[in-house]
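The chain contents come next:
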Amino acid sequence: MTIKQRLGVCYYPEQWPRSFWAEDARRMREIGIAVVRIGEFAWSRLEPREGFYQFDWLAGALEILHRAGLEVVLGTPTATPPKWLVDKMPDMAPLGADGAPRKFGSRRHYCFSHEGYARECDRIVEALACAFGEHPAVVGWQTDNEYGCHDTVESYSIAARDAFRKWCRSKYETTEALNRAWGNVFWSMELGSFDEIELPNLTVTEPNPSHLLDFKRFSSDQVVAFNRRQVEIIRNHSPGRAILHNFMGAFDAFDHYAVGADLDMAAWDSYPLGFLERSRHSDEFKTRYMRLGDPDFQAFHHDLYRSCGRGRWQVMEQQPGAVNWGAWNPVPAPGAVRLWTYEAFAAGAEVVSFFRWRQAPFAQEQMHEGLLLPNSEPNEAYFVAGEIAQELNRMEARAESARAPIALAFDYESAFAWRIQPQGQDFSYFDLVSAFYRALRKLGLSIDVVPPAPEEMKGRKMILAPGLFAARPELAAAMAQSGALVLLGPRSGSKTKDFQIPLALPPGDFGSLLGVKVRRVESLRPGVALAIRDLPGAHFSGWREFIALGEEAEAALCCEDGEVALSRRDNFYYLSGNPNDELLDALLRRLLAQAGADIIDLPQDIRVRDNGPLRYVFNYGSEPADISEIAGDAVFLLGGKTLDPCGVAAFMRKDEAE
Amino acid sequence: MTIKQRLGVCYYPEQWPRSFWAEDARRMREIGIAVVRIGEFAWSRLEPREGFYQFDWLAGALEILHRAGLEVVLGTPTATPPKWLVDKMPDMAPLGADGAPRKFGSRRHYCFSHEGYARECDRIVEALACAFGEHPAVVGWQTDNEYGCHDTVESYSIAARDAFRKWCRSKYETTEALNRAWGNVFWSMELGSFDEIELPNLTVTEPNPSHLLDFKRFSSDQVVAFNRRQVEIIRNHSPGRAILHNFMGAFDAFDHYAVGADLDMAAWDSYPLGFLERSRHSDEFKTRYMRLGDPDFQAFHHDLYRSCGRGRWQVMEQQPGAVNWGAWNPVPAPGAVRLWTYEAFAAGAEVVSFFRWRQAPFAQEQMHEGLLLPNSEPNEAYFVAGEIAQELNRMEARAESARAPIALAFDYESAFAWRIQPQGQDFSYFDLVSAFYRALRKLGLSIDVVPPAPEEMKGRKMILAPGLFAARPELAAAMAQSGALVLLGPRSGSKTKDFQIPLALPPGDFGSLLGVKVRRVESLRPGVALAIRDLPGAHFSGWREFIALGEEAEAALCCEDGEVALSRRDNFYYLSGNPNDELLDALLRRLLAQAGADIIDLPQDIRVRDNGPLRYVFNYGSEPADISEIAGDAVFLLGGKTLDPCGVAAFMRKDEAE
Amino acid sequence: MTIKQRLGVCYYPEQWPRSFWAEDARRMREIGIAVVRIGEFAWSRLEPREGFYQFDWLAGALEILHRAGLEVVLGTPTATPPKWLVDKMPDMAPLGADGAPRKFGSRRHYCFSHEGYARECDRIVEALACAFGEHPAVVGWQTDNEYGCHDTVESYSIAARDAFRKWCRSKYETTEALNRAWGNVFWSMELGSFDEIELPNLTVTEPNPSHLLDFKRFSSDQVVAFNRRQVEIIRNHSPGRAILHNFMGAFDAFDHYAVGADLDMAAWDSYPLGFLERSRHSDEFKTRYMRLGDPDFQAFHHDLYRSCGRGRWQVMEQQPGAVNWGAWNPVPAPGAVRLWTYEAFAAGAEVVSFFRWRQAPFAQEQMHEGLLLPNSEPNEAYFVAGEIAQELNRMEARAESARAPIALAFDYESAFAWRIQPQGQDFSYFDLVSAFYRALRKLGLSIDVVPPAPEEMKGRKMILAPGLFAARPELAAAMAQSGALVLLGPRSGSKTKDFQIPLALPPGDFGSLLGVKVRRVESLRPGVALAIRDLPGAHFSGWREFIALGEEAEAALCCEDGEVALSRRDNFYYLSGNPNDELLDALLRRLLAQAGADIIDLPQDIRVRDNGPLRYVFNYGSEPADISEIAGDAVFLLGGKTLDPCGVAAFMRKDEAE
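Protein chains in written order, with the working numbering: chain D, 1 to 658; chain A, 1 to 658; chain R, 1 to 658.
Everything labelled a hint here was simulated from the structure, so no lab data went into it. Glycine included, C-beta positions come from ideal geometry on N, C-alpha and C. Do not take every clue at face value.
[What the hints assert, rightly or not] Reference listing, derived: stretches of chain R covered by chain A, where coverage requires no fewer than 3 residues with Cβ under 8 Å from a Cβ of chain A:
1) 114 to 126
2) 187 to 196
3) 361 to 372
4) 461 to 467
5) 501 to 510
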């Protein structure tokens with residue numbers, strides 16, 4: 001089944017006079033908006049006093065939108081509990097790692113472990129689902145908003161502590177088992193009772209990494225459980241509607257696959273310029289891409305969230321202009337909003353929904369641009385949206401979903417693990433995986449970003465899993481059986497699930513596959529490069545391992561100091577350091593060729609993405625690019641052989657056209 | 001009325017044996033000191049136990065100073081409540097934004113909103129005013145000391161919270177009005193009662209800017225009210241004495257004009273080297289001026305505080321040597337103390353008072369130099385003071401006050417606003433206004449720094465108001481009627497008084513004057529420069545706006561990308577970005593010529609200031625400068641045609657001399 | 001008496017199956033380990049529930065080690081109180097300066113002032129000492145572990161506050177005396193009762209430096225007292241065993257000499273790579289020495305702790321590979337571990353003990369390498385230890401102790417003082433003394449690092465004491481009588497013991513010796529250099545003083561601006577600024593020649609240390625070095641005339657050989 005690709009917008013009727021609504025709806029339709037998200041921060045208007053529901057206005061707004069031919073995704077308002085509710089149960093506030101309460105006055109001021117608050121959420125969600133679950137305008141639901149935003153996954157409250165004790169008791173059953181798993185004999189950390197468990201904050205020096213990992217797993221589970229309660233209530237009262245949540249970018253504090261498993265589809269909020277500014281890229285990189293964003297960041301998340309939604313996903317909030325929350329907030333380049341939108345459609349998004357319809361003149365986000373200025377005049381993205389809507393119609397664009405031959409693993413527990421124990425202070429799992437993603441994409445490949453699940457290994461030509469925290473035997477077996485070329489490392493399999501070094505030494509259960517043992521590791525300060533023999537410009541930086549080859553393994557690359565840099569055993573490779581771009585490029589060209597994958601030699605700043613039979617080409621550079629070699633004699637549905645800066649081209653792939 | 005310009009010194013008799021006092025007084029007189037400030041930290045000596053007043057020593061000190069012919073400014077000791085008082089009411093401690101109490105052990109450990117402490121202050125001030133209000137030595141009073149120093153304007157205590165609720169109730173009357181003004185519908189922040197108002201700290205993410213702005217206004221009002229209580233008590237008991245407060249540099253956390261309105265004159269504490277070290281200037285700049293200070297920082301504050309004192313002002317604490325509180329504390333260049341002193345007199349100071357008479361060998365400021373070493377030997381500034389006193393006498397120097405043809409607006413609410421919402425993390429209102437001030441001063445102009453009050457617009461040739469937060473119609477009208485050339489922007493009028501974007505779009509009520517609308521804004525990371533067409537070297541950085549010209553407006557300058565950089569409608573100009581020095585210089589030369597103001601082409605590092613008929617010239621450079629073109633054939637009262645590094649020259653202005 | 005030099009290792013039998021112990025012991029002996037430290041974190045195994053002692057396992061481990069011929073140093077487990085104990089008295093937690101408790105979950109979670117906890121320590125130490133005090137395997141005891149690690153000397157708890165009040169009462173007897181000593185008249189800080197004393201945290205601005213200094217002295221005294229309780233108990237029950245404590249590197253938060261005075265010998269934990277990474281050296285320096293460490297850091301500490309142990313000392317924890325706690329953690333260069341070990345033996349260490357036997361696969365230090373990998377295979381240092389053990393035997397190496405002709409003072413109170421009042425934010429007493437140490441060592445000298453005690457002055461050729469906080473008349477007298485050339489300054493004698501400027505001006509009681517007065521001081525931002533006349537490349541940076549010469553003193557060096565840089569009065573010199581390496585090198589060459597000390601012209605990166613008749617030579621460079629000039633015709637016991645990178649040579653000194 002393929003789905004027509006459409007545009008959406010985020011709208012806040014409660015923030016504008018009722019007299020605006022009909023004209024707003026009319027203009028949305030006029031420019032080709034199909035779906036509208038509303039309601040997700042409106043609790044104080046839906047229930048201004050306890051139990052005093054005020055749903056009339058929402059019914060009115062739905063009616064107006066519906067009449068205008070718009071579909072609605074309705075948000076639950078649980079990200080913004082109103083003041084009367086907070087005052088009723090002040091201990092619902094999350095506590096920071098410093099022990100200070102995180103107060104009312106913005107949003108997300110709730111602790112995921114507070115049962116009292118969870119019951120209030122049940123109540124408001126049920127009331128809304130009963131009232132509007134079968135409303136003809138309502139085609140979908142969004143649970144809450146951006147779980148975890150502003151560092152809110154972890155709370156150090158009494159509620160969280162008690163829930164964590166319960167979680168540990170359920171997981172370990174005996175304190176002996178817990179003490180063993182955590183290695184609590186070290187530093188006399190042994191506990192005699194589950195009621196002796198503390199949260200891992202405010203310790204004199206670093207807490208036990210096993211303790212931290214379990215706390216992060218627990219905190220992630222609390223998000224999953226919180227979300228599931230809403231999903232179940234909505235399913236009961238709103239049959240046939242897609243339930244989704246809007247995830248974020250560069251965010252790994254809970255297991256998004258697990259939350260996604262309870263949803264019908266995934267969504268994420270894509271702010272290319274804000275995310276670039278917040279990234280750890282160099283100042284030079286940030287300045288170069290200041291008006292267009294990192295060419296690979298959005299694509300990575302599109303592929304990741306397509307996976308979280310098991311094929312179904314969308315962009316819920318698309319940056320339409322300057323935002324308010326970056327360290328600096330430039331206006332996007334002309335063409336940037338269109339390019340971003342097509343990157344999402346190229347990766348199979350069902351909807352790209354702009355945030356927001358009209359710039360609010362008040363409160364925290366008043367400097368966040370929308371399709372309209374605060375005075376309702378169109379801003380630039382208003383016209384861009386209209387243009388795209390027409391193009392989509394003309395192209396009959398549809399979201400396609402097919403397994404890509406290349407799979408890159410991204411694993412939330414690994415993100416937890418390496419945040420807990422970077423060992424070198426700038427080690428970042430997200431950056432490591434991103435570097436692999438970028439290198440693959442620069443070679444013209446369309447990739448699946450997948451969880452490290454056995455079933456994801458099948459039918460691949462190549463599987464890449466850098467930094468995968470813990471090996472599981474069934475995953476190793478699935479890799480072995482897949483027939484794919486497999487590239488692991490660095491740090492892959494270097495811990496057990498309990499955050500201990502495997503007694504067989506790293507890479508643990510991957511060892512039999514790879515035929516190597518990692519005896520020693522080192523992290524290296526910035527500026528230190530360990531050159532790779534016979535690959536000029538290639539080096540390790542930041543991280544390097546000392547490996548011993550088993551009998552069936554051989555050295556495929558070595559460092560200048562003689563240590564093995566890449567081992568090979570059949571089609572299983574282990575990379576024993578953190579590669580620079582030159583090393584990754586050379587290595588992946590070699591391995592992809594061996595795996596039989598098609599590489600495209602792209603000019604710098606050109607990117608390619610396939611959606612079903614369609615191939616999209618994007619220009620992230622500042623000069624026009626000649627893409628005739630890429631397109632061959634294909635007929636362009638969008639653009640042409642010369643691609644302007646910010647330009648988008650689309651054509652039918654030859655293999656599909658034939 | 002003009003007033004003889006004199007020297008003063010800060011003195012702490014309570015810190016020295018009584019046997020020192022007479023000799024100290026004699027030496028003060030000998031070198032020409034006229035005024036002595038005493039008493040402002042002496043509470044523990046004035047009232048060592050509750051209600052047990054010990055005023056004899058102070059009476060003795062006053063007597064000795066009086067007999068030596070010295071005048072006294074008496075300070076109220078309320079900046080340093082003693083331990084017994086703090087222990088009586090521990091909740092008088094200010095709470096930091098992190099919720100932690102700010103304890104006894106240094107100074108300013110009180111919350112401005114604590115009524116119990118305010119009553120204690122009433123009591124000690126009344127006791128002092130009764131005892132010494134009509135003492136013949138006492139010519140003036142200083143309230144408290146450096147309000148707000150060490151970030152003490154804002155407190156997050158219960159007392160502050162309750163007072164803020166009361167303040168809001170008084171301002172808004174209904175929660176509906178408050179919710180509307182703050183835009184609390186956003187994120188369900190609506191409040192049902194004034195008792196639901198929280199202080200804007202410890203929120204999960206940023207608080208509502210309107211909430212913050214009102215909290216800053218409230219906090220500023222609390223300082224005004226605290227000061228006014230003391231002023232009213234002193235006025236009752238000490239008729240005819242000038243009441244002042246010693247303000248600080250680069251400090252904008254309360255409205256100094258409002259505090260000044262209750263005073264007879266303003267004073268400030270001028271520490272050029274400490275302030276330079278604390279500034280955001282480049283390391284290169286800081287190193288270049290490490291022994292002399294920023295050539296324009298002191299002058300800006302002189303002009304600002306002259307305005308706060310409605311013409312009457314002084315320097316209460318003049319840096320006399322190395323201080324203890326900079327990140328690094330160099331010894332001033334030989335001549336620096338003299339230059340600083342004359343910069344103040346050139347700007348109309350009535351008194352320049354050195355801090356302090358003798359370096360204390362103990363406690364927090366023991367590394368702060370004075371006129372004397374701790375062992376009573378003269379330090380360098382002792383001789384400098386003596387030299388200046390003789391020169392002042394010879395020159396018959398008098399403080400003059402006249403309206404300058406050029407007015408530059410500095411507004412405390414704008415400082416609050418842009419601190420709350422810089423939008424680009426390095427945006428600084430203070431730096432923006434300072435850049436305009438510096439550019440004007442480098443063109444040889446003497447400037448008034450003024451509040452954005454309609455009555456300040458009259459009689460000017462040119463009015464400059466960069467970054468003025470909110471437009472008021474009566475201010476726009478006053479500008480229109482003034483006949484002056486007016487230069488506004490960037491960010492001028494971009495908010496309503498409630499911190500919302502004006503529905504007519506920025507520049508709000510300035511729009512009809514300027515004929516432009518600001519549709520979009522952007523902040524830019526360091527290193528990004530938007531060049532200005534036809535002005536080589538000129539650019540915007542950090543901030544840029546996209547403006548639409550109304551029918552009567554025209555583009556006077558454009559960016560290289562075609563956006564308007566400067567608009568003109570009649571004699572009203574709007575600058576739509578943050579200018580670099582080259583742009584400011586070129587722009588101001590052009591506009592000042594048009595306004596008919598006289599520009600002087602000064603060599604680099606030379607500055608000029610007029611005080612009545614006298615023109616002063618200062619050399620902040622490291623080489624002697626030839627100032628004969630500036631002086632023409634004038635007769636020098638100080639210095640001559642060649643001005644040494646740190647040199648000061650003074651002569652009668654030709655236009656005055658004729 | 002000289003003592004045979006031996007190897008040791010740190011071992012945690014409680015962390016491994018009992019079945020491992022015998023084989024571990026056998027392998028230890030096999031490679032030549034002689035001493036094993038055990039037990040120091042094992043409280044939860046020794047007393048798993050309150051009063052339920054479980055000593056059998058420890059008895060078993062001792063028995064096995066003893067039978068294998070190993071000697072044991074037994075650690076008291078007081079650095080890691082178990083959870084049941086902490087839960088019994090939650091107020092035993094130290095409080096941070098921010099007022100937050102420092103919780104259970106790692107180690108050192110106790111306040112030194114908590115009497116309840118101290119009694120628990122008495123109890124467990126007594127039980128252990130009774131049980132094992134006369135065990136034949138036990139040759140020594142270690143009290144606690146790394147006092148002060150993780151910033152735990154100072155606690156801001158109620159227990160600490162009450163103890164500090166008592167300490168102040170005992171020191172000052174009257175509040176008048178305290179107020180006078182602290183200069184509390186300043187800012188009305190006067191106290192009316194000892195119960196009004198607060199701890200010097202959370203003050204609005206900086207606390208009184210005298211208050212801070214006394215708090216640091218008090219906190220140091222609490223460590224001394226805590227340690228002494230354990231020492232006394234152990235002495236009672238374990239006659240003839242050496243009691244030591246393992247101190248740390250670059251750590252000055254308590255007086256180590258005072259703790260050492262209660263011990264039989266000192267020990268320290270030497271982690272050259274971790275300490276380098278944590279130091280304030282430049283990135284260039286850190287990268288250059290990333291695999292070998294600072295060539296002078298370890299040596300300085302060897303000399304310092306030899307002094308703390310009054311001649312008897314050892315390395316308790318020697319880094320054997322990569323560690324886990326640096327910002328980055330490289331693997332040491334091949335040869336580095338051997339070089340480090342011999343640096344310690346060259347400085348007279350009795351034992352060098354590796355940390356740890358086997359890498360733990362779990363908990364906080366799982367990335368800390370040991371002699372064995374987690375799977376019991378040998379890691380590199382296992383073989384290195386074996387090699388060294390054989391060499392030691394062959395050399396019959398013995399720890400020698402003799403007074404060096406050059407003494408460099410290191411004083412903990414001075415470290416407290418300049419941390420309290422750096423005056424320039426990068427001023428560091430530790431760095432200042434280290435620079436002198438490095439300069440002396442680069443000239444081939446073996447040095448004693450000594451407390452500023454009169455008895456340490458005797459028998460020296462040269463005494464150096466930069467930055468010595470307060471002069472004592474008896475120290476000045478001892479210097480005068482020593483006949484040594486004495487070099488003091490900068491900042492020497494600049495405070496009284498109460499942290500006031502001496503009324504005679506600095507250098508206080510050193511003034512009569514030196515014939516100078518310091519009238520002014522300045523700190524200078526990085527990049528500012530005050531050149532020294534006639535010494536190209538030499539300059540002051542960071543700190544400079546303006547001194548007046550008395551009649552008998554003369555200027556030996558001057559700054560380019562004419563101020564005196566070095567004064568001389570007979571054989572007493574005062575250096576009035578912070579010297580760069582070039583200045584120190586030139587100055588020390590001149591003064592050492594005058595003092596009659598032998599200088600060796602060492603190639604860069606070569607260092608020399610004498611232990612009794614043996615001279616050791618070390619190569620910290622990356623190229624082989626020719627040391628034939630240093631060795632002359634001596635017979636090498638280790639190495640030879642060409643010294644490889646990381647190489648060690650040893651030969652009998654000619655003056656000894658003759």
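Report task. Give me the numbers of the hints this structure contradicts, sorted from smallest to largest. Result -> The structure breaks hints 1, 3, 4; every other hint is satisfied.
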